[in-house]
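Undergrad: Chains A and B, in that order, are what the protein sequence lines are. The first sequence begins at 1 in our numbering and counts up by one. The second sequence begins at 1 in our numbering and counts up by one.
Honestly, the hints are just simulated from the structure, not real lab data. Note that the structure is a prediction, hence the values are computed from the model and not measured. Honestly, I wouldn't trust all of these hints.
Identical copies go unnamed one by one, so any copy, or any two together, can satisfy a pair.
As the list claims (entries may be wrong) - Subject to a maximum C-alpha distance of 16 Å in a straight line, what follows is the list of computed EDC-like cross-link-like pairs (lysine to aspartate or glutamate): (1) K35 x E107; (2) K24 x E107; (3) K24 x D54; (4) K99 x E83; (5) K99 x E87; (6) K24 x D60; (7) K35 x D67; (8) K24 x D6; (9) K35 x E94; (10) K24 x E93; (11) K35 x D49; (12) K35 x E91.
2 protein chains.
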Amino acid sequence: MRTSADIAEHAGTNPVVVRRVLGKLRQAGLLTSEKGHSGGWRLARQPRDITLADVYLALDERMVATDEAGDVPTCSVEHALHERVSEVLREIEENLVQKLRETSISEVRGGGL
Amino acid sequence: MRTSADIAEHAGTNPVVVRRVLGKLRQAGLLTSEKGHSGGWRLARQPRDITLADVYLALDERMVATDEAGDVPTCSVEHALHERVSEVLREIEENLVQKLRETSISEVRGGGL
DNA sequence: TTATATGCAACTATCAAAGTTGCATATACT
DNA sequence: AGTATATGCAACTTTGATAGTTGCATATAA
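Let the hints inform the model, and build the full structure from the sequences given.
TA: Take a look at the structure:
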């Protein structure tokens with residue numbers, strides 16, 4: 001059980017920032033948190049049952065640029081380009097998640113758990 | 001031959017911004033520019049000989065998040081995670097460029113040139 | 001010689017992400 | 001019950017990157 005303050009100090013940042021990030025991981029069911037005295041954060045599942053893909057998707061901060069749903073371009077060339085690039089990026093993103101799914105967070109902890 | 005002003009109007013932006021972007025494409029040998037009266041921009045090669053990868057690499061604005069060369073993390077877990085993620089991202093980036101290399105800008109112009 | 005174009009430097013504006021502050025709420029311990 | 005300690009959350013400030021702007025030097029065709 002770790003507190004936001006502990007984690008923040010270890011990460012060299014602010015407890016509130018930690019809570020913002022870990023809050024997303026809790027929403028995704030990867031962590032649980034407890035309020036009050038002797039409260040804090042812990043894993044909701046075994047480390048071997050949490051993949052990097054789980055974390056990546058939970059954070060909802062894409063590492064592959066994606067077309068935020070905006071206005072459809074009037075220029076036909078721009079439109080065609082956008083279609084082509086979007087398709088490629090979708091494939092790339094899917095490929096990334098697949099690769100991340102191959103590693104669990106236990107494999108990242110050096111120990112070999 | 002198109003001027004920065006023409007292109008900017010078509011793109012709904014500013015001539016200077018256009019020159020900044022097209023300047024990178026010229027450095028990469030994709031475009032040429034001419035100063036003075038009746039000057040402007042034109043392709044340096046045939047459209048079929050310029051791929052989306054050429055443009056992507058020339059712009060030097062990665063669509064796959066990359067680790068900007070910063071400080072090596074002291075935390076061993078963070079270090080291991082970083083190594084793993086960086087490796088995956090390198091693969092993804094390479095994969096993206098390969099895919100972009102399959103399409104020339106002539107294929108994006110609808111006409112079928 | 002003039003009109004028109006790029007090249008470039010310096011400045012401002014805009015926006016998202018990070019960080020901060022303050023306080024409500026929940027909970028263990030005494 | 002009361003206190004210390006934790007998360008939850010909203011509102012605000014700071015920071016940094018990108019876009020946009022302005023001004024001017026330079027080059028060139030007419």
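Undergrad: Now, for every hint given, state plainly whether the structure supports it.
TA: Checked hints:
1. K35 x E107: neither (30 Å within a copy, 58 Å between copies)
2. K24 x E107: The answer is neither: 22 Å in one copy and 42 Å across copies each exceed 16 Å.
3. K24 x D54: Result: close within a single copy only, 11 Å intra versus 38 Å inter.
4. K99 x E83: Classified as between; 14 Å across copies, 25 Å inside a copy.
5. K99 x E87: Between copies only: 10 Å across chains, 19 Å inside a chain, cut-off 16 Å.
6. K24 x D60: For K24 and D60, only the intra-copy Cα distance (8 Å) is at most 16 Å; the inter-copy one is 32 Å.
7. K35 x D67: Neither. Shortest intra-copy (38 Å) and inter-copy (35 Å) distances fail the 16 Å Cα cut-off.
8. K24 x D6: neither (18 Å within a copy, 46 Å between copies)
9. K35 x E94: Neither way: K35 and E94 sit 37 Å apart in one copy and 45 Å across, limit 16 Å.
10. K24 x E93: neither (20 Å within a copy, 27 Å between copies)
11. K35 x D49: For K35 and D49, the Cα distance exceeds 16 Å both inside one copy (25 Å) and across copies (62 Å).
12. K35 x E91: Neither: 41 Å inside a copy, 41 Å across copies.
Hints 1, 2, 7, 8, 9, 10, 11, 12 from the earlier list are contradicted by this structure; the remaining hints agree with it.
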